[in-house]
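With the hints as constraints, model all of the structure from the sequences given.
Protein chains: 2
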Amino acid sequence: MATPVYSGGARAPQRGRPRDASRDDALRQAALEVMAEVGYRALTMDAVASRARAGKATIYRRWESKLDLVIDTCTQLASQNLPEPDTGSLAGDLREFLSSLAAFLSGPVGKAAQALVGELPHEPELATAFRETFLIAQRDVLRRILERADHRGELRPEAPRGLAVELAGAALIYRLMLTGDPLDVAFVERVVDQVLLPLVAGGQ
Amino acid sequence: MATPVYSGGARAPQRGRPRDASRDDALRQAALEVMAEVGYRALTMDAVASRARAGKATIYRRWESKLDLVIDTCTQLASQNLPEPDTGSLAGDLREFLSSLAAFLSGPVGKAAQALVGELPHEPELATAFRETFLIAQRDVLRRILERADHRGELRPEAPRGLAVELAGAALIYRLMLTGDPLDVAFVERVVDQVLLPLVAGGQ
Chain A
1 MATPVYSGGA RAPQRGRPRD ASRDDALRQA ALEVMAEVGY RALTMDAVAS
51 RARAGKATIY RRWESKLDLV IDTCTQLASQ NLPEPDTGSL AGDLREFLSS
101 LAAFLSGPVG KAAQALVGEL PHEPELATAF RETFLIAQRD VLRRILERAD
151 HRGELRPEAP RGLAVELAGA ALIYRLMLTG DPLDVAFVER VVDQVLLPLV
201 AGGQ
Chain B
1 MATPVYSGGA RAPQRGRPRD ASRDDALRQA ALEVMAEVGY RALTMDAVAS
51 RARAGKATIY RRWESKLDLV IDTCTQLASQ NLPEPDTGSL AGDLREFLSS
101 LAAFLSGPVG KAAQALVGEL PHEPELATAF RETFLIAQRD VLRRILERAD
151 HRGELRPEAP RGLAVELAGA ALIYRLMLTG DPLDVAFVER VVDQVLLPLV
201 AGGQ
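Chains as they are written, first to last, in the UniProt record's numbering: chain A, 1 to 204; chain B, 1 to 204.
Please keep in mind that the hints were generated in silico from the structure rather than gathered at the bench.
Errors might be hidden in some of the hints.
Said to hold, decoys possible - Per label pair, the in silico range of CB-to-CB distance:
| # | chain 1 | residue 1 | chain 2 | residue 2 | range |
| --- | --- | --- | --- | --- | --- |
| 1 | B | G55 | A | D20 | 51 to 61 angstroms |
| 2 | B | G107 | A | E147 | 51 to 61 angstroms |
| 3 | B | P108 | A | A103 | 29 to 39 angstroms |
| 4 | B | A26 | A | H151 | 57 to 67 angstroms |
| 5 | A | K56 | B | T58 | 21 to 31 angstroms |
| 6 | A | P160 | B | N81 | 21 to 31 angstroms |
| 7 | A | P182 | B | T87 | 33 to 43 angstroms |
| 8 | B | D193 | A | R143 | 15 to 25 angstroms |
| 9 | B | R156 | A | E123 | 39 to 49 angstroms |
| 10 | B | G202 | A | G202 | 21 to 31 angstroms |
| 11 | B | D193 | A | P182 | 27 to 37 angstroms |
Unchecked claim - Under 10 angstroms between C-beta atoms, here's a sample of chain A residues computed to sit facing chain B:
| # | residue |
| --- | --- |
| 12 | S22 |
| 13 | V38 |
| 14 | G39 |
| 15 | L43 |
| 16 | K111 |
| 17 | L163 |
| 18 | D184 |
| 19 | V185 |
| 20 | Q194 |
| 21 | P198 |
| 22 | A201 |
Note that the Cβ used here is the ideal one computed from N, Cα and C, for glycine as well.
Okay, here's the thing in structure tokens:
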């Protein structure tokens, strides 16, 4: 289960110069907006700086490349917006987490992620970083939800956990990026009740 | 179930001038290669013409725009490469069709489709055409597979067919475009046996 973790991201604060976290967030927000509008390939550090009314040097002090900035932005947003529920039941945890994830993906992050996905075949570094941050953040929460359910005796002995985690992500991403059908609570509940629980939950 | 169908595509043959179908295929193949390499936005009719060693006028006689060319290419390739199995059992049909689809998506069409997906949020006409051709082609085959299974009495009375069709596409696309894990026969069999059949098949 050990997973290599992308080692980039925001630089450590420079000596004697405390980092302003809210400034970092404003820069990430600008990066997200630019990416949602023009995609990864057309994004420039200049455009992000101009959107955030910052100097380009300000950005380069924090992130050494466009790739660093984009991946750190996705990672930070995912960690800030994907709270890990612990409702005491597998059904409750899955519904709550997947509803949060659906809401998160329906915003500008979803558009930015979709623009990134189109670039992955041509950008191997981006592909690796995207998989090791954005995808793994959601996968890890789902794995821990299943782990806790297992400790409570809620899973079948041979429950295919990896497949359940994969399908949960697949169902949401397919609506978001391919069909364009709504990522609403009704859909999340159908996926949880008709697909995920039958796949992994034990008979009571 | 009536679905609006994209009305573009290759033009009808001009009067007195028979169309050369193999020439059309060579032009589509060139379009596919260029799109897999540079994506939709950067694709130009000039680049396609040059790849196919054809004049630009030759291309414009057949397709009136880049959008027409790209969508017609995806549609034709899908119809040529996605034979509809009729093995006499739901399990057999699903395995055979999804294995063909996985193989088809693992080639250049998958890369081209991924490049298109990244552009959908910024290109509403492309998004509509992509959904009404590429996505509907696979969805319709799956619907007919379930329909035949129902006539043979293989489905549960309340089987959520739409959800099954959606998950089948989602599982393949997520591997192809997001995780990069292999789209192999073993994966297709797990999806069919552990997810799709339990979702829709009746107890024997």
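Supplied distance hint 39 to 49 angstroms, evaluated on CB atoms of R156 of chain B and E123 of chain A: Given a distance of about 44 angstroms, which is inside 39 to 49 angstroms, the answer is holds.
Hint check: 10 angstroms Cβ-Cβ cutoff, S22 of chain A to chain B: Violated, about 28 angstroms.
Under 10 angstroms is the threshold here; is the Cβ of L43 of chain A close enough to any Cβ of chain B for the hint to stand? violated, 13 angstroms
May I ask you to test the hint 51 to 61 angstroms on the CB atoms belonging to G107 of chain B and E147 of chain A? With a Cβ separation near 38 angstroms, G107 of chain B and E147 of chain A fall outside 51 to 61 angstroms, so the hint is violated.
Determine whether the Cβ-Cβ distance between D193 of chain B and R143 of chain A falls within the hinted range of 15 to 25 angstroms. holds, 23 angstroms
Interface hint for V185 of chain A, Cβ within 10 angstroms of any Cβ on chain B: violated, 15 angstroms
Evaluation of the interface hint that places P198 of chain A against chain B, nearest CB under 10 angstroms: holds, 6 angstroms
Does the Cβ distance between K56 of chain A and T58 of chain B fall inside 21 to 31 angstroms? Since K56 of chain A and T58 of chain B have Cβ atoms about 46 angstroms apart, the given range 21 to 31 angstroms is violated.
So the hint says 51 to 61 angstroms: do the beta-carbon atoms of G55 of chain B and D20 of chain A match that? holds, 58 angstroms
Restraint outcome when Q194 of chain A is required to lie within 10 angstroms of chain B by C-beta distance: holds, 6 angstroms
Does the beta carbon distance between G202 of chain B and G202 of chain A stay inside 21 to 31 angstroms, or does it fall outside? Holds, at about 22 angstroms.
Verify the interface restraint on D184 of chain A: the C-beta must sit less than 10 angstroms from at least one C-beta of chain B. violated, 14 angstroms
Figure legend: structure checked against the earlier numbered hints; hints not met, in rising order: 2, 5, 12, 15, 18, 19 and 22.
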